[in-house]
Amino acid sequence: MTRAPKYWLMKTEPSAYSIQDLSQEPDQTTCWDGVRNYQARNFMRDQMQLQDRVLLYHSNAKPPAVVGTAVIVREAYPDHTAWDPKDKHYDPKSSPENPRWMMVDIQLEAVFDRPLPLEELRGVRALSKMELLRKGSRLSVQPVRKTEYDAIQKLSRKK
DNA sequence: GCCAACGTTGGC
DNA sequence: GCCAACGTTGGC
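Its first residue numbered 3, the first sequence is counted upward by one per residue in the numbering used here.
Derived from the structure by calculation, the hints contain no laboratory data. The structure presented is a predicted model; accordingly, all values stated were derived computationally and were not measured. Think of the CB as a built atom: it goes at the ideal place given N, C-alpha and C, for glycine as much as any other residue. Hints are not guaranteed to be accurate.
[Said to hold, decoys possible] Here are the simulated DSSO-like cross-link-like pairs (lysine-lysine), alpha carbons at most 27 Å apart as the crow flies:
1. Lys148 <-> Lys131
2. Lys88 <-> Lys148
3. Lys161 <-> Lys131
4. Lys137 <-> Lys148
5. Lys64 <-> Lys137
6. Lys8 <-> Lys148
[Claimed, not checked] Between beta-carbon pairs, the in silico distance windows are:
7. Arg102 <-> Glu122: 22 to 28 Å
8. Gln109 <-> Pro87: 29 to 35 Å
9. Gln155 <-> Val75: 15 to 21 Å
10. Ser17 <-> Gly138: 18 to 24 Å
11. Arg159 <-> Ser97: 42 to 48 Å
With the hints as extra help, turn the sequences into a complete structure.
Written as structure tokens, this is what we have:
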């Protein structure tokens, strides 16, 4: 049994890993490692399912923008980078016996013809309640309403 | 580079 | 369980 797909937004700093990097992976697929926030982890672990859709967002970019879409191709499993002392996101409290952090695999679906800058999105009525646009919003994995997802897709095809 | 907003940690 | 101190995120 599968439910209707849900919609998400995931942030990445393009200086660390960009949508262009994703486009060059084998099968244009990667594991979304390095998430170290419980709320974000819980969304991945408890709610993300195969075929769910993801908006990819470039944070700390000039300008910050939604840059494309991806699909969940593997559901949550332990993030092994948390066990590697040399990894930037190493967490000594996580272990193979008792993994604390999870990740999913995503496959690139589309790189938008034009990035949609945060500033532009702030002016869109259909997005007025979007988590990304909330003041102080920092969540790196966040749910998106279907109406919001559709509005952003539509915007990406304009101009 | 600044700093507001937020999350986590740890003493008590 | 409170909350001050600290670390991080991320727009600007």
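If you check the beta carbons of arginine 159 and serine 97, does the distance land in 42 to 48 Å? holds, 46 Å
Is it true that serine 17 and glycine 138 lie within 18 to 24 Å of each other by Cβ? Check passed, 23 Å falls within 18 to 24 Å.
Regarding the pair lysine 88 and lysine 148, is the alpha-carbon distance no greater than 27 Å? violated, 39 Å
Is the straight-line distance between the alpha-carbon of lysine 161 and that of lysine 131 27 Å or less? Holds: lysine 161 and lysine 131 sit about 24 Å apart, inside 27 Å.
Okay, arginine 102 versus glutamate 122 on CB: inside 22 to 28 Å? Given a distance of about 37 Å, which is not inside 22 to 28 Å, the answer is violated.
Is it true that glutamine 155 and valine 75 lie within 15 to 21 Å of each other by Cβ? Since glutamine 155 and valine 75 have Cβ atoms about 19 Å apart, the given range 15 to 21 Å holds.
Measure nothing beyond the straight line between the CA atoms of lysine 8 and lysine 148; if it is 27 Å or shorter, mark the hint as holding. holds, 7 Å
Between lysine 64 and lysine 137, does the CA-CA distance stay at or below 27 Å? Cα-Cα ~19 Å, so holds.
Outcome of range test on Cβ distance (glutamine 109, proline 87; 29 to 35 Å): At 30 Å between Cβs, range holds.
Checking one constraint from the list: CA of lysine 148 to CA of lysine 131, max 27 Å. Satisfied? The hint holds at about 12 Å.
Going straight from one Cα to the other, do lysine 137 and lysine 148 come out at no more than 27 Å? It holds: about 21 Å lies between the C-alpha atoms, which stays within 27 Å.
Hints 2 and 7, counting from the list given before, are not met by this structure.
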